[in-house]
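J.: Below are the chains, spelled out letter by letter.
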Amino acid sequence: MTEPFDPHATANAALERVLASQWQGEPALVLRSPPGAGKTGVAQRVALQSASMLEQRCMVVTQTNEQAFDLTRRLAANSAGIPIHLFAKRSLELPANVALLANLVLVHDVAGLPRHPSITIGNAAKWSWIQTSDPCFDVQIVDEAFQLPDYRFQLISNLAPRHVLIGDPGQIDPFVNCEIERWRCDPAGPQVSCPAALIERHPSVLQLDLPVSRRLNADTVSLVQPAFYPDMPFRAMSQDRSLHFQVAGIMPFDAALDAVAAGSSIVMVELPAQITGEADGELAQELVTSITRLLGRSAWMHDDGASEWITPDKIGVVCAHVSQVNAVRERLGAGLADVFVETANRFQGIERPFMFVHHPLSGRADATAFHLDAGRLCVMLSRHRIGCWIFGRQGISHQLMQFAPVGDRSLGIDDDPEYRGWRAHLTLMAALARAGRVYPAVFGLPPSTANQLTG
Amino acid sequence: MGDLVHVVARLRALQRGQAVPVVSQRQLVIQPHARILTLLAMAGEDTSVHAAALGRFGEAPQINVVADPRQRDDQYGLLRWLLPQFEDYYATCRAAGTFPQIWVASAGALGHLDTLADRLRFTDEPDIQRLGTLWTYAGERSPVAGQQALISATAALRAHYATGQQEAEDEHLGALLTWIAPPAGRDIFAAVAAAEGQPMGVKTDPRFDRNALQPAIEDFHAARNSGQLESVLDFHRTRIRQLLEGVLRPVYAGTQRAIALLSDARWHDNPGLEALARQEADEFERFMAGRDEGHFLPYRDKPKAGAMKIVAREHAVTNVDAGMLRHDRAAREKGVVNGSVLRAQVASVVEERARPRLFEYYLELTSHQDSLHLRAGDIMWTLDDPKLSLRVNDVERRGPFTWIMATVDTGKNAAKRMVNGVTLDLGPKAPDWGGIGNELGQMKSRLLIEPWTHSETMPTATPAIRPMPANILAMVEGLT
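Sequence order for the protein chains is A and B. My numbering puts the first sequence at residues 8 to 462. My numbering puts the second sequence at residues 343 to 822.
Be aware that a few hints might be false.
Label pairs and their in silico Cβ distance ranges [said to hold, decoys possible]:
1. A:233 x B:560: 55 to 61 Å
2. B:687 x A:247: 50 to 56 Å
3. B:771 x A:23: 46 to 52 Å
4. A:419 x B:548: 25 to 31 Å
5. A:23 x B:718: 39 to 45 Å
6. A:373 x B:701: 45 to 51 Å
7. A:117 x B:466: 47 to 53 Å
8. B:771 x A:117: 23 to 29 Å
9. A:254 x B:729: 52 to 58 Å
10. B:761 x A:372: 38 to 44 Å
In short, the hints are calculated from the structure, not lab data. Since the model is a prediction, treat every value here as computed from it, not as a measurement. No residue lacks a Cβ here, since even glycine has one placed at the ideal position from N, Cα and C.
Okay, chain A solo, but in the shape it has when bound (with noise of 0.2 Å):
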């Protein structure tokens, strides 16, 4: 008889793994993690672990100052009072809740870096521009090292002789602007993720899976696990999440609503086809709307034993581009101004109870690269820790069979993230027709058929 699966004792167990591996002096550790696995509080771990009983000096690399200020603001909160080391240029402004910290210690150069185990934080480019090619730490850590090209992680990996990279492999893709065609066909290449270079040059190098997601519920997780990882298998933590509404709906999107309330935590709502390129306005306004709506109807949720009204700050909206996020935030006004609004880009990291996602295909007349990235598309719909409405005018099955991908793969790369994109877009749409989790925004608009949506 198989065990019953126990999300805490597996959880418990990934981790331990990885605080062994430094015990046993491991030169890497990849550590590969599903959304909302805590990857962060593994990080803080080690390097706590590191600074206070290996007495190591530990380096944390970030991959923005906002993710540098929030693992400082988690470390400085030890019970060993360990001071906190933040390497940062010195023009940088500082969050209140940042420079009033008791155990920060600020460090803007070489010379001021601690010689004795301690931990320093910092952003990968602030640790590029140091003045030193002397190995200053015995330990690296780089959070969110999925979104950091190998050669960023190259300048800075001879700072410390062992690594510890942490991230999830299903995010978006570290940008790289600029023609890359002399490395395609290298997977090592200095535009691949630091990770996947890594394991490329040394295959033996200590690779673990965190097994199970703390944000994501067992719905979602159905949805995501298999359009988005199919080779890393991982379970929900959480099976007490909901959302109940005192309002009882009548309006067009209130079926989309009730279908989150009834324990569907994905579901789409349809705008009428229309192309309307990059800046769509109509949607723009219908998500505000049904913002408007989800809090007008006295909702409330409940999260892992507590139960709360829904405000504002519990909810976020993530689009494709930085002009839909213009045009959402245009109509939010004052009364909804703590509503989180962002590129799926900068949502990395971020999570919201609620989610309101505007679908990159949707309005377009194309499906390029960008667009079918099924990092960008992961990244919207794992963002949510109840529930979740993608926003899309019908006809993106359509268009993705119009624009299947060309094939064009290159020589020695197994990978072909246009395909691989452009699937998870199809598995995602076929799964939410199978479940009948599609609904009109409008009155009197006929539903998307089950064989449109999945093309």
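We have chain A; now place chain B onto it with these hints.
T.: Frame of chain A, contents of chain B only:
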């Protein structure tokens, strides 16, 4: 959305039956001494050169054809004919402090030259290697934004004109030229179809190969193998040459025609190109100095070289974009359409005294644009005088207008004098070509010691001296 401009231009071209200009300023530097190089490869022998035509703008080509490029001596003979011409050309450019420019017909021809350059560098003959090295300059530069060393005629024309056909179809130089100057009184599609009958790439037509070229080559080999007189062999060589010249000359002439069209006075000067020309000359000198010092040009980059090259390319993209937004009117207007340029009117200028003799200036701007790529915290620079930089504090849509609230970072004196209603174009910071050198210098010193992560040897594990506590999880949790 920037593509929308191009889509509209294509529709217009389709409607008119003729290509339409999409810019008014020249988009590339045309070197008066540029060399036009047309190569033909043999079918199935991608890195061969069966025939070559070389010449300057406005001049007839010098042509060299080998009977069969699979014969190594013959092939090397043709390449040895090309070597001194490029050696001299490069030396002249270097002495003049400028850069060489090679024009080819299409992206396919460009790729052929790039591949050939790599291949020739790894042959056994030093002089053939040298030709590969010289061509490598053009090949390595070709993917870099703003490069002026290796120009594909189709790409250059497409930067100036939009046709009414698919973009991929524009890669046929003959078809593209037909769209630009269609024959009078003839249906454009019939004219383009006729133009497409003439091969314009690196390869010859398979039917031509089967029916004409292959029999001619077979006859040549038969004559040679049967010990025929040199005069008979010459007859066969001449026959092959005449066949290939019929393919080669139209490609060469098409490339000449492209340069002529783009040299026309209708294209206004583009000040943005001056920086690109300087940059190209610097890159050329650096490349040649590297060869003088004996630095090896590898086939595949090691991680360090790859990192340096990709950083240089990223900088080039940023600089070219920033330069074009400043100096190229079409690029500017496309930026306005796609939201990367903010075109806004000054609604108010507020002066606030921060402390004695220190003032802060806040601008309120309004724009009709609804596709702006702006966020709080972004820094934008005026694209024209006066020079100002603004830090965006807030972006808000009110009715049909986007309102932008910003603090003046640099140019406070100019802000002080600014009057309401003036229109500003704002975008990225001015190009900083010197910045590439600074970053590459830092990378060089950072990478003095090769990290094991990017070498071939992985160190062994070095376990901690102390044993791991049994309750490690609880102990670490206790620290959080």
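J.: Would you mind marking each hint as holding or not holding in the structure?
T.: Tested hints:
no., hint, in the structure
1, A:233 x B:560: 55 to 61 Å, "58 Å, holds"
2, B:687 x A:247: 50 to 56 Å, "54 Å, holds"
3, B:771 x A:23: 46 to 52 Å, "49 Å, holds"
4, A:419 x B:548: 25 to 31 Å, "29 Å, holds"
5, A:23 x B:718: 39 to 45 Å, "42 Å, holds"
6, A:373 x B:701: 45 to 51 Å, "50 Å, holds"
7, A:117 x B:466: 47 to 53 Å, "49 Å, holds"
8, B:771 x A:117: 23 to 29 Å, "28 Å, holds"
9, A:254 x B:729: 52 to 58 Å, "56 Å, holds"
10, B:761 x A:372: 38 to 44 Å, "43 Å, holds"
Hint check: no violations occur; every hint is consistent with the structure.
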